[in-house]
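Please construct the entire structure, taking both the sequences and the accompanying hints into account.
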Amino acid sequence: MSAHDVDEALAGSGQRKIDWARRGMPILASIEARLVASGALGGHRIGISLVLEPKTANLVLALREAGADPSVWAPADCVQEDVVHALRARGIKVFADARASEAADMELARAFLATGPQLLVDDGARIIRLAHREFPDVVRNMIGAAEETTSGVRPLKAMHDAGELHVPVINVNDSRLKFLFDNVYGTGQSCVMTLLDVTNLQLAGRNVLVIGYGWVGKGVALHATAMGARVTVAELDPVKCLQALHDGHRVRSVIDAAPSTDVLFASTGIEGAVTPGHLEAMADQAILCTAGGGNYELPMAYLKTLGPPRKVRAEVEEYTLPNGRRLLLIAGGHCINCAAGEGNPVEIMDLSLSLQACALEELASDGARREAGIHPVSREIENAIATARLNASGASIEPMTPALAQAMARW
Amino acid sequence: MPQHTGASSPLTGLNNEEYLSLVVDGDARIDWVSRYSPVLNGLVRRTLSDGSLKGRKIAVVVHLEAKTAFLALILADAGAEVIVAGSNPRTTVQPVVEALRDRGLVVVADAGGDMNSWERELLAAADHEPEFVIDDGAELTMRIGRHRPELFRRLKGVSEETTTGTARLLAMEAAGKLPFPALTANEARCKHMFDNRYGTGQTTLQAVLRLTNRQIAGATVTIIGYGYVGRGIAEHARRMGADVRIVEIDPVRAVEAHMDGSLVGTAEDMVPGASIILTATGGMRAIGESELRRVDHDAILANAGHHDLEIDVDSLAGMASSQTRTRPRVTTYRVGERDLHVLCGGALVNIAGGSGHPVEIMDLTFSVQGLGAHVLVNAGLAPGVHVLSKELDDSIAAAYLASRGIRLDPGRAEQEDDFQAWIDGMPTA
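Chains as they are written, first to last, in my numbering: chain E, 815 to 1225; chain R, 992 to 1420.
No wet-lab data here; the hints were simulated from the structure.
It is possible that some hints are incorrect.
[As the list claims (entries may be wrong)] Distance windows between CB atoms, simulated:
{"#": "1", "chain 1": "E", "residue 1": "R1064", "chain 2": "R", "residue 2": "L1399", "range": "31 to 37 Å"}
{"#": "2", "chain 1": "E", "residue 1": "R1064", "chain 2": "R", "residue 2": "A1404", "range": "34 to 40 Å"}
{"#": "3", "chain 1": "E", "residue 1": "G930", "chain 2": "R", "residue 2": "E1280", "range": "27 to 33 Å"}
{"#": "4", "chain 1": "E", "residue 1": "E978", "chain 2": "R", "residue 2": "Q1314", "range": "55 to 61 Å"}
{"#": "5", "chain 1": "E", "residue 1": "P1122", "chain 2": "R", "residue 2": "R1395", "range": "28 to 34 Å"}
{"#": "6", "chain 1": "R", "residue 1": "M1184", "chain 2": "E", "residue 2": "D1061", "range": "25 to 31 Å"}
{"#": "7", "chain 1": "R", "residue 1": "A1404", "chain 2": "E", "residue 2": "E1094", "range": "45 to 51 Å"}
{"#": "8", "chain 1": "E", "residue 1": "P1213", "chain 2": "R", "residue 2": "L1392", "range": "54 to 60 Å"}
{"#": "9", "chain 1": "E", "residue 1": "R913", "chain 2": "R", "residue 2": "L1392", "range": "49 to 55 Å"}
{"#": "10", "chain 1": "R", "residue 1": "T1315", "chain 2": "E", "residue 2": "G930", "range": "39 to 45 Å"}
{"#": "11", "chain 1": "R", "residue 1": "L1011", "chain 2": "E", "residue 2": "A903", "range": "50 to 56 Å"}
{"#": "12", "chain 1": "R", "residue 1": "Q1314", "chain 2": "E", "residue 2": "P1136", "range": "56 to 62 Å"}
In this text, all values refer to a predicted model and were calculated from it rather than measured experimentally.
Note that beta-carbon positions come from the ideal geometry of N, C-alpha and C, so glycine has one too.
Here it is in structure tokens:
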């Protein structure tokens, strides 16, 4: 399939999803209007590498409205086919195929980079890394990039420390406007609610074990508690453990908590956080899922040795351990909100994707002046987006007065 | 796994393989329910195994999905002749229907019907001449009364599920038109304290969020009605970060909403500014034409009460210049410059747009219904509306706790109030 084939029926379905999401994205719409008026992104070739679904499609379309020339890549497991066709029908170059093999995904990524993007929105630093390895000319001409996730920031820092990062990258992931909301409320709400949707069960009265008390773990614990669960947190960092205790949760090691756990959420983003020994300590019919990261947090290789699981329900597989106890794995252990639901809520992505649009605007206006390296999102951008969201909610912000400013400066 | 009888489905156009795959799907859904229903599998099965239900004809008319099917199977396993219909044309799940037929139950409902076919299904259920009815909204009971007067006089008992149905039965009793005993399952504490509050509360929000992909934190949610259902929705929404507003006509409940931390006021004041509006009154037209005029652009409207008409979609259709199917189960009405999004056509959103109540909740509710059927068959109740005894209500809660390994202290004599000694010392009037 080329980057231009369009299936009309799929395009219609994708466009309806994109239109629905747009209704809940007023901030992105206001940034689009500003970019249209300023022409700041006019004529720029922009590569977008994000999960390809209706909310990110709105970012792509906003950039196109603003006069940019966007193209899109995403790996097969992050692609909604109808959205691909809707974007193609609007004339966007999409290098993605939901059925592509890993090798085919890489070929699509190379074709995507061959368009010579000057600006890049990346997820997991996949494209930035590929460009540095194989497309030195593209890197030389690149104005800059913006990175969406924790898992992309880590390799970028390593590249930078090794003196190998040759473009400026804005670290969108570490903006307060991203992790305080996207990870806590977006992933928290959608992971907990997807579990309820998939199982038709309650969390009220159940023991939920949340492994990892980062922003995602905090969000999962918050929403599970809201649904009536008793939450136990397992975490390596003693300070975060203390925070969990003060948030009203019990704090235990995984092995101590396992026997009384009804539902386990892995939200560490770290490979091997849950071990075969942990699973063997769990009670019969405990439920396993991951929030935020992926099934690498669970001992999938061990589960595979137990023989093929029994499919008990859509997205629910039952494994029987050597000790005779049964464990229920949700959505193959993949991040539950994306694998078995629609991902983050629309309003959350309005914040995260607005940050991306503003990061691109700032990179474009700085041009070659900005040094290679990793840069934070500026406070001005964060404050402007937060203010827009508050205004849309009918909130008002306490104004700063000269007297207050003086009082704060006094010592 | 049960044996398949291979009986063919009345649905046309299904080959044997397609039919069997429906049955297998339905069986799997019912098995999932059984897994999380320790009270039905324990206390209720034990109570019904005394043989008293053998050959009794019982109609089960509740939203026809896996949990209802499991109740029907438990009654059938106890020897009853069960007739199954749905209590709403939009909530019937076909794989479950086929799984029940495959096990030899009489099912007079199919998915994909409308109000007309549903009326026919209810009359078909009546024509099987049930002696007892497990009803939802008193839908079958009312139709038997209206259309099958002979059968109505012969009915031996009704066990009713909802607040709405209870109100109907009480009105029938007050009018002297209730010639049989009716148990209101809804009045059992093991029903309304959990089903209406935790069940509907959780699953209404779940369905709204799933159907819309929207966020609850930071949203303004207006709830019309602060009964158990409204309270449950409010509690779950608030804990997930919503700003909750309540519209209620009962002053005592309004005080409760106020002290629970909600903004309380008239619909006129509480509807504008809300991004999600939910009805939970159990009546009709809680959101009528005048309220609809005040709904914000892009607000989402959904119903958690028994009636499909709590949101007056007929008036809305009249006001709107267009109606669009924006997303699955989302209809967008264009009214002037505003778009109003109605979920599931105003039908019960948690059932029509989700999987209904959580299994554990229905383990309690259907235990009330199952024991209620046993009482109706055996207790010789007089005509009129009755409530399940406190003993049976308590026995359900005790079974629930025991299944989870939770033990309670017995009350000790010295804990009791010493009023008796005082009364003994008073002069006789």
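We went through each hint and held it up to the structure:
Look at R1064 (chain E) against L1399 (chain R): about 22 Å separates their beta carbons, and that is not inside 31 to 37 Å. For R1064 (chain E) and A1404 (chain R), the Cβ-Cβ distance of about 36 Å falls inside the hinted range of 34 to 40 Å, so the restraint holds. Here the CB-CB span from G930 (chain E) to E1280 (chain R) is close to 58 Å, at odds with the stated 27 to 33 Å. For the pair E978 (chain E) and Q1314 (chain R), the supplied restraint of 55 to 61 Å holds, since their beta-carbon distance comes to about 57 Å.
For the pair P1122 (chain E) and R1395 (chain R), the beta carbons lie near 31 Å from each other, so the given range of 28 to 34 Å is met. Taking the beta carbon of each, M1184 (chain R) and D1061 (chain E) are about 28 Å apart, inside 25 to 31 Å as hinted. The given range of 45 to 51 Å is respected by A1404 (chain R) and E1094 (chain E), whose C-beta atoms sit roughly 47 Å from each other. The given range of 54 to 60 Å is respected by P1213 (chain E) and L1392 (chain R), whose C-beta atoms sit roughly 55 Å from each other.
Here the CB-CB span from R913 (chain E) to L1392 (chain R) is close to 51 Å, well matched to the stated 49 to 55 Å. Between T1315 (chain R) and G930 (chain E) the Cβ separation comes to about 40 Å, which falls inside the hinted range of 39 to 45 Å. Taking 50 to 56 Å as the suggested C-beta distance range, the pair L1011 (chain R) and A903 (chain E) does not conform, at roughly 40 Å. In this structure the hint that Q1314 (chain R) and P1136 (chain E) lie 56 to 62 Å apart at CB holds, the actual value being about 57 Å.
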